[in-house]
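Visitor: Here is how the chains run, residue by residue.
2 protein chains.
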Amino acid sequence: MRNIKLVIEYKGSNYCGWQVQKNGTSIQSVIVKAIEKATGENVALSASGRTDAGVHALGQVANFKTASNIPSERFAIAINSFLPEDISIVESVEIDADFHARKNAKGKIYRYYIWNSPRKLSVLSGAATRIPGELDVAEMSKAVKLFEGVHDFAAFKAQGGSTKTSVREIFGASVTEVAVPFEIEGGRLVCIELCGSGFLYNMVRIISGTLVELGQGKRSETDILEALHSGERELAGKTLPPDGLYLYKVLY
Amino acid sequence: MRNIKLVIEYKGSNYCGWQVQKNGTSIQSVIVKAIEKATGENVALSASGRTDAGVHALGQVANFKTASNIPSERFAIAINSFLPEDISIVESVEIDADFHARKNAKGKIYRYYIWNSPRKLSVLSGAATRIPGELDVAEMSKAVKLFEGVHDFAAFKAQGGSTKTSVREIFGASVTEVAVPFEIEGGRLVCIELCGSGFLYNMVRIISGTLVELGQGKRSETDILEALHSGERELAGKTLPPDGLYLYKVLY
Numbered sequence: 036m037r038n039i040k041l042v043i044e045y046k047g048s049n050y051c052g053w054q055v056q057k058n059g060t061s062i063q064s065v066i067v068k069a070i071e072k073a074t075g076e077n078v079a080l081s082a083s084g085r086t087d088a089g090v091h092a093l094g095q096v097a098n099f100k101t102a103s104n105i106p107s108e109r110f111a112i113a114i115n116s117f118l119p120e121d122i123s124i125v126e127s128v129e130i131d132a133d134f135h136a137r138k139n140a141k142g143k144i145y146r147y148y149i150w151n152s153p154r155k156l157s158v159l160s161g162a163a164t165r166i167p168g169e170l171d172v173a174e175m176s177k178a179v180k181l182f183e184g185v186h187d188f189a190a191f192k193a194q195g196g197s198t199k200t201s202v203r204e205i206f207g208a209s210v211t212e213v214a215v216p217f218e219i220e221g222g223r224l225v226c227i228e229l230c231g232s233g234f235l236y237n238m239v240r241i242i243s244g245t246l247v248e249l250g251q252g253k254r255s256e257t258d259i260l261e262a263l264h265s266g267e268r269e270l271a272g273k274t275l276p277p278d279g280l281y282l283y284k285v286l287y
Numbered sequence: 036m037r038n039i040k041l042v043i044e045y046k047g048s049n050y051c052g053w054q055v056q057k058n059g060t061s062i063q064s065v066i067v068k069a070i071e072k073a074t075g076e077n078v079a080l081s082a083s084g085r086t087d088a089g090v091h092a093l094g095q096v097a098n099f100k101t102a103s104n105i106p107s108e109r110f111a112i113a114i115n116s117f118l119p120e121d122i123s124i125v126e127s128v129e130i131d132a133d134f135h136a137r138k139n140a141k142g143k144i145y146r147y148y149i150w151n152s153p154r155k156l157s158v159l160s161g162a163a164t165r166i167p168g169e170l171d172v173a174e175m176s177k178a179v180k181l182f183e184g185v186h187d188f189a190a191f192k193a194q195g196g197s198t199k200t201s202v203r204e205i206f207g208a209s210v211t212e213v214a215v216p217f218e219i220e221g222g223r224l225v226c227i228e229l230c231g232s233g234f235l236y237n238m239v240r241i242i243s244g245t246l247v248e249l250g251q252g253k254r255s256e257t258d259i260l261e262a263l264h265s266g267e268r269e270l271a272g273k274t275l276p277p278d279g280l281y282l283y284k285v286l287y
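Sequences listed follow chains U and R, in order. Take any residue in the first sequence, note its place counting from 1, add 35, and you have its number in this note's numbering. Take any residue in the second sequence, note its place counting from 1, add 35, and you have its number in this note's numbering.
There could be a bad hint or two in this list.
Each pair may be met inside one copy or between any two copies, as identical chains are not told apart.
[Claimed, not checked] Here are the simulated DMTMM-like pairs of lysine to aspartate or glutamate, each with C-alpha atoms no more than 20 Å apart in a straight line: (1) K100 x D131; (2) K284 x E218; (3) K284 x E220; (4) K199 x D187; (5) K177 x E204.
In case anyone wonders, no lab produced these hints; they're calculated from the structure.
Same shape as in the complex, but just chain U (with noise of 0.2 Å):
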């Protein structure tokens, strides 16, 4: 049997997240299908990890065993040709026996986009986080270093995970102001980019949210340190809704 690792982008907006659920259309059994409708085969797609209904992906990587001798850049093509607008394989390539995609993972790219705007983002509606009042991103752009390094997120996890422990790695932080799409005007967007070694149920749409609020002058970097000592859900902020949230990269 051949190993196929895939590059996937999708718009969650339309689907209960990557994982069959009992209500909703999940993005998994819509690759299964189309994977079936190329191959003949039913196979077994296993995911870097789940995300959450509403939530994007510019590139979650998963793997499939199977018997067909389709060349392996050709997967692509042929799967992309059975999918809907809003999911797509970026590419496809063959890769050793052994490669699994979650449990080969190193890390991962969060990307949570902002819209900080009074105006509605009604052309690229679910696609970012609408944030109306005044947002100081250099004092976010400050403050998300405190992520960085090992720290114990049990203050940053939302409870229903399945992990033993709530100690992950930040190897990168950044807040970051980014071309608005369609140069649409009257309002900017904000980029929170977080890199890590794994990420806990929620964090990065609560550490957003803990930012957002920091950005409104409602938390300070003491509160965010004092939330990463304590492990107390109550001292982080808001969890964000998922529009915003992206798998930008997953790091083997």
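Take the given structure of chain U and dock chain R to it, following the hints.
Guide: Just chain R, lined up with the frame of chain U:
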């Protein structure tokens, strides 16, 4: 009665266009219903012009007469609270009683966005038209200038319009590479901008299709001049899909 002018943004993908049609939901009807919820009045809402199914707007303009005493700038907020995510009122102002969004329009700016990449743009599905393969943007940028000035655009018009003359003036035209949204890798975003006195049915989509074919080396500047002079539709390029088209601004 007061006369209220609205600046409107929408993603057209889920609608049958601005105007009420037999099938599908129109943007106009959604906004009229929202105005009714906000004011209690069933108003006549006149736009600067129709947009077709799937076409977007960043600066559509419409006006309506009302007896409501809502402060003019609060109409935007009141109506927005009854609109879905993909339609929004950017601005509301009270204007002279004789202002009419269509009759008073002196010109319009349309933008057509092309995602030039082998990669699908899933996280922005419906927001740009994908053209894979080589595209000579420098040549397109030169050729677009041929459309500037007063011309008979008969060759760049779909059947079905109801205008008396196909002579229009293009005040300015450009083709530029613009920032890729969300720093998506593996492609570039090209923007065709046309500012003109008025536009015939499908005119921007046919001009854009002609420029793309020129950028692909399938068509020369001489071909464009011949199409302009002859008025023969067959001499112009294909009509591109609505996905990339934005009504950017209406000039008064």
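Visitor: For each hint, tell me whether it holds in the structure or not.
Guide: Hints, one by one, checked against the model:
1. For the identical chains of this complex, K100 and D131 are intra-copy neighbours only, at 11 Å inside a copy versus 68 Å across copies, given an alpha-carbon limit of 20 Å.
2. For the homomeric pair K284 and E218, the shortest alpha-carbon distance between copies (12 Å) is at most 20 Å, but the shortest distance inside one copy (25 Å) is not.
3. In this homomeric assembly, K284 and E220 come within 20 Å of each other (Cα to Cα) only across copies, at 11 Å, whereas the closest approach inside a single copy is 29 Å.
4. In this assembly of identical chains, the alpha carbons of K199 and D187 lie at most 20 Å apart only when taken from the same copy (12 Å versus 72 Å across copies).
5. In this assembly of identical chains, the alpha carbons of K177 and E204 lie at most 20 Å apart only when taken from the same copy (18 Å versus 51 Å across copies).
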